[in-house]
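Asker: Assemble the complex: chain A is given as a structure, and chains B and C must be docked to it using the hints.
Chains as they are written, first to last, in our numbering: chain A, 42 to 322; chain B, 31 to 305; chain C, 81 to 437.
A hint or two may mislead.
What the hints assert, rightly or not - Capping the alpha-carbon separation at 25 Å, the derived lysine-lysine pairs in DSS-like fashion look like this:
no.: 1; chain 1: A; residue 1: K48; chain 2: B; residue 2: K80
no.: 2; chain 1: C; residue 1: K217; chain 2: C; residue 2: K272
no.: 3; chain 1: C; residue 1: K265; chain 2: C; residue 2: K217
no.: 4; chain 1: B; residue 1: K132; chain 2: A; residue 2: K317
no.: 5; chain 1: B; residue 1: K192; chain 2: B; residue 2: K132
no.: 6; chain 1: A; residue 1: K181; chain 2: B; residue 2: K80
no.: 7; chain 1: B; residue 1: K132; chain 2: A; residue 2: K48
Because the hints were derived from the structure by calculation, they are not lab data. Being a predicted model, the structure only gives us computed values, none of them experimental.
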Amino acid sequence: MYSRTYKIIVSAPPLLWVSLFLLLPYALLLAHSFWIVRDGVIVHQWNLGNYGKLLDHPVYAEVFLRTARIAASVTVLSLFLGYPLAYFMSFHARIRKDLLYQLVIVPLWVSYLVRGYAWKTILGSDGVLNGFLEYLHVTKEPVSFFLYSPFAVILTLTHIYTPFVFLPLYACLEHIPHSLIEASHDLGAGPRATFFRVILPLSVPGVLAGATFAFVLTLGDFLGPMLVGGPSSVMIANIVQSLFGTAYDWPLGAAIAVCILLLTVALLVLTELLEKRWAFR
Amino acid sequence: MSRVARGNSARAPVLAAFSLLVFAFLYLPIAVLVVYSLNQAGVGGFPPRKLTLGWYRQLFADSSIWDSVVNSLLVALGAVALSLVLVLLAALALDRAEFPEKSLFRRLVLLPLVLPGIITGLSLLLFVDGTGMPLSLLTVFLGHGTALLSVATTELFAGLQKMDRAQEEASLDLGATPWQTFWRITLPNLKLSLIASGLLIFTLSMDEIAVTFFLLGRSNTLPLEIWARLRRGITPEINAISTLIFAASVILILIWYQIRTRTIGKEPSELLERP
Amino acid sequence: MTPRPSSPPPPIANGEGLLEVRDLAKRFAAREVLKRISLQIASGEFLTLLGESGSGKTTLLRLIAGFEQPTAGEIWMSGRRLDTLPSYRRPVNTVFQHYALFPHMSVADNVAYGLRVTSVPAEEILSRVDAALRMVKMQEYSAARPSHLSGGQQQRVALARALINRPQLLLLDEPLSALDANLRKQMQTELKSLQREVGITFLFVTHDQEEAMALSDRIALLRDGTLEQVASPREIYARPATSYTAQFIGQTNLLRAEVRDGMATCGALRWPTASSNGPALFSLRLESLQLASDTSAPPGASRFRARILEQIFSGSIEQLELNCCGQLLRARIPARGVLSGEHEFFFDPSHAVLVAE
Chain A
42 MYSRTYKIIV SAPPLLWVSL FLLLPYALLL AHSFWIVRDG VIVHQWNLGN
92 YGKLLDHPVY AEVFLRTARI AASVTVLSLF LGYPLAYFMS FHARIRKDLL
142 YQLVIVPLWV SYLVRGYAWK TILGSDGVLN GFLEYLHVTK EPVSFFLYSP
192 FAVILTLTHI YTPFVFLPLY ACLEHIPHSL IEASHDLGAG PRATFFRVIL
242 PLSVPGVLAG ATFAFVLTLG DFLGPMLVGG PSSVMIANIV QSLFGTAYDW
292 PLGAAIAVCI LLLTVALLVL TELLEKRWAF R
Chain B
31 MSRVARGNSA RAPVLAAFSL LVFAFLYLPI AVLVVYSLNQ AGVGGFPPRK
81 LTLGWYRQLF ADSSIWDSVV NSLLVALGAV ALSLVLVLLA ALALDRAEFP
131 EKSLFRRLVL LPLVLPGIIT GLSLLLFVDG TGMPLSLLTV FLGHGTALLS
181 VATTELFAGL QKMDRAQEEA SLDLGATPWQ TFWRITLPNL KLSLIASGLL
231 IFTLSMDEIA VTFFLLGRSN TLPLEIWARL RRGITPEINA ISTLIFAASV
281 ILILIWYQIR TRTIGKEPSE LLERP
Chain C
81 MTPRPSSPPP PIANGEGLLE VRDLAKRFAA REVLKRISLQ IASGEFLTLL
131 GESGSGKTTL LRLIAGFEQP TAGEIWMSGR RLDTLPSYRR PVNTVFQHYA
181 LFPHMSVADN VAYGLRVTSV PAEEILSRVD AALRMVKMQE YSAARPSHLS
231 GGQQQRVALA RALINRPQLL LLDEPLSALD ANLRKQMQTE LKSLQREVGI
281 TFLFVTHDQE EAMALSDRIA LLRDGTLEQV ASPREIYARP ATSYTAQFIG
331 QTNLLRAEVR DGMATCGALR WPTASSNGPA LFSLRLESLQ LASDTSAPPG
381 ASRFRARILE QIFSGSIEQL ELNCCGQLLR ARIPARGVLS GEHEFFFDPS
431 HAVLVAE
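So that you can see chain A by itself, here it is in the shape it has in the complex:
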């Protein structure tokens, strides 16, 4: 039905754009990771020095592990908050479901900066939370660890990523045909048995998708730590960012970025494979 010219006209511009502005840049990133900086200038000398540095100096592995830990915490907490919410909305919300859904997406789109900043003002030493606690005479002095700590980073990022986890989960739950729930009841399973035997297994693809997104995005997050984190909560993307900034070592930064990229892609591929195995439709 569509002529060859049509197909070429339609495919060429996006293909060109994507090749030029995505494929090429990612390739450049990879290339830079094999170059070095000498006397403040980037030299195109191909070597594995950067990767060697990453393996030799323990600080990188340390920060990487810390980042992974924070990402895992954020993912788990987001699931803990997001799953019951999605379940409640899908199975108990009735008429208000649509409105509630909109209420959940709105925070998702409101600027990251706005939300991060909000937490900054709440958690600070002279912030709202401390003021609140002092007002209630729960504390006498401001608590300092609320802000500029891994706690603050995890809290803020959980706030940011809970709607992320919610979305695919909710979509997945909504796709479970109501007749399956009825069939389960019909066969003698009460609400709890129905949840564990029917709903939960069928919601796994949604959980996987949401968890992967939250984990991957937290892994590469540098804004959160810059807003509410302190020295003990520096994450791997912060190191990259400073290497491209004041620390000026683009090749090393590129090398770390490539590692993040590879890890991300690996996780995504893994999730996709798992989802295929669990696909029942």
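Answerer: Same frame as chain A, now just chains B and C:
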């Protein structure tokens, strides 16, 4: 067939309470932000005492903030224009054309969606640096156009799938050329989807930080202007502008949602979009 | 206006009473879907709920299954109140219209589900699942996933999954409507013999009147939320209570007649009847009209002449459209070659059944 709303059976008071708590968690910080934008004594402390619009007045007098707003608008509108054209073509290509690397193309287009912003931002920086182009709003514009391509493509693709193909076939059958069919049938059908995608790109572009961070020249976009000030210290003026941003985003997203449900129905999609 | 005959809870045909529906009503928003239905189902019988879409038949089924709550009325089973129990405590199982097989479980796990959730011991489960699958001839597919099965195969699994729990009552919600015509006929036969073999009471919902007549011990015809008639297929066919029933099941001629002193007159047609004087509506089945030149009319037959307007041949039958002095009639006679012009017809007066409006 099932006329029963789910949840007709058991009430779940515990779940309802928990859900309420989650909503509170999601909205309380923003509520605090808004309240303290009106607090005379500024940010922090409790409880907020005197309410005033003073900070907003100060905000409106602040010219550099509004300069950055203009910059953001320029970039956002540019990104919308560029993206819509590219995205329309890309969605059509994915839907209709067959070429060997199609699945690779699809993955590549969707990649910025799932990668942390820093990766895409850095890669584009290297590209721009390689071509010798100076960093400016233009480079920011390129960055947004590329990064937001994925978001809009999935959006428009969904709308395209819902379109009735038979209409195009009928048009061809009645003697219209493919070009005519495109303008008279396909495009009008996609009108709502295009508007929805445009709104989405606009909103995301206005809020974009991660990619912008690395591609910025001397002129700041709004988020980065705020960011720069934050480094210097917290002021309630920032609360004020944040509140305004929040209000604007809410309105835009609610409009977007209304349009979207009209195009692809109320089925929630599994698509994820980055902040 | 002739009043609709009242429908008290119809008498039990065979076995003792199993399920009783008393004054059951259901309202959705502003619409009354079921209007005070009362019905009794006998143990071991195959009862079909027949009706158009919107008649309330599916709603009634779902009320008995427990997926909806009645707005008024009660449901009793074997002397115990059923409607106050949640669906997972009722000794009732359902075969869903689109089977509702669990996609993440194998066929065997699907069938075993009801036993597992009620903590039946594992060895017993194994043997019962095997027996259930054999009963529906699906034992080779026990490890397969539902998505790999055809519609007919899924349907059998759904049957096995329901029957394995030995329910007192099996509900079937238009289970054959998603199958193609040939498969449908085959499954109808299998279902009927299965029911006889297993002896469980079947409550079957369909909109297909031929299906209802082929399968049921009794048919309950629903219309707009009320029971139009409840009777055996032969009874409901030969003696429809209302014009709606007469037209919904089979095809008929509706004759508006005037009865005077034992004779009913409708245009040029006259026949003796036991009805009282006054206007009356009669149903005369198409096959009751016979061609005089083919068969000799028995004494007492009511004769008339009519002109043939249309003749439609369909293999073993001719369907005729007749004009009898302005009265349009339809007849069905054995195939006998092309006819034209005026012919003499007759019918047995006892085949003209008085029906309510």
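Asker: Decide, hint by hint, whether the structure agrees.
Answerer: Okay, the hints, checked on the actual structure:
| no. | hint | result |
| --- | --- | --- |
| 1 | A:K48 with B:K80 | 64 Å, violated |
| 2 | C:K217 with C:K272 | 15 Å, holds |
| 3 | C:K265 with C:K217 | 17 Å, holds |
| 4 | B:K132 with A:K317 | 20 Å, holds |
| 5 | B:K192 with B:K132 | 21 Å, holds |
| 6 | A:K181 with B:K80 | 24 Å, holds |
| 7 | B:K132 with A:K48 | 12 Å, holds |
Checked against the numbered hints given earlier, the structure breaks only hint 1 and satisfies all the rest.
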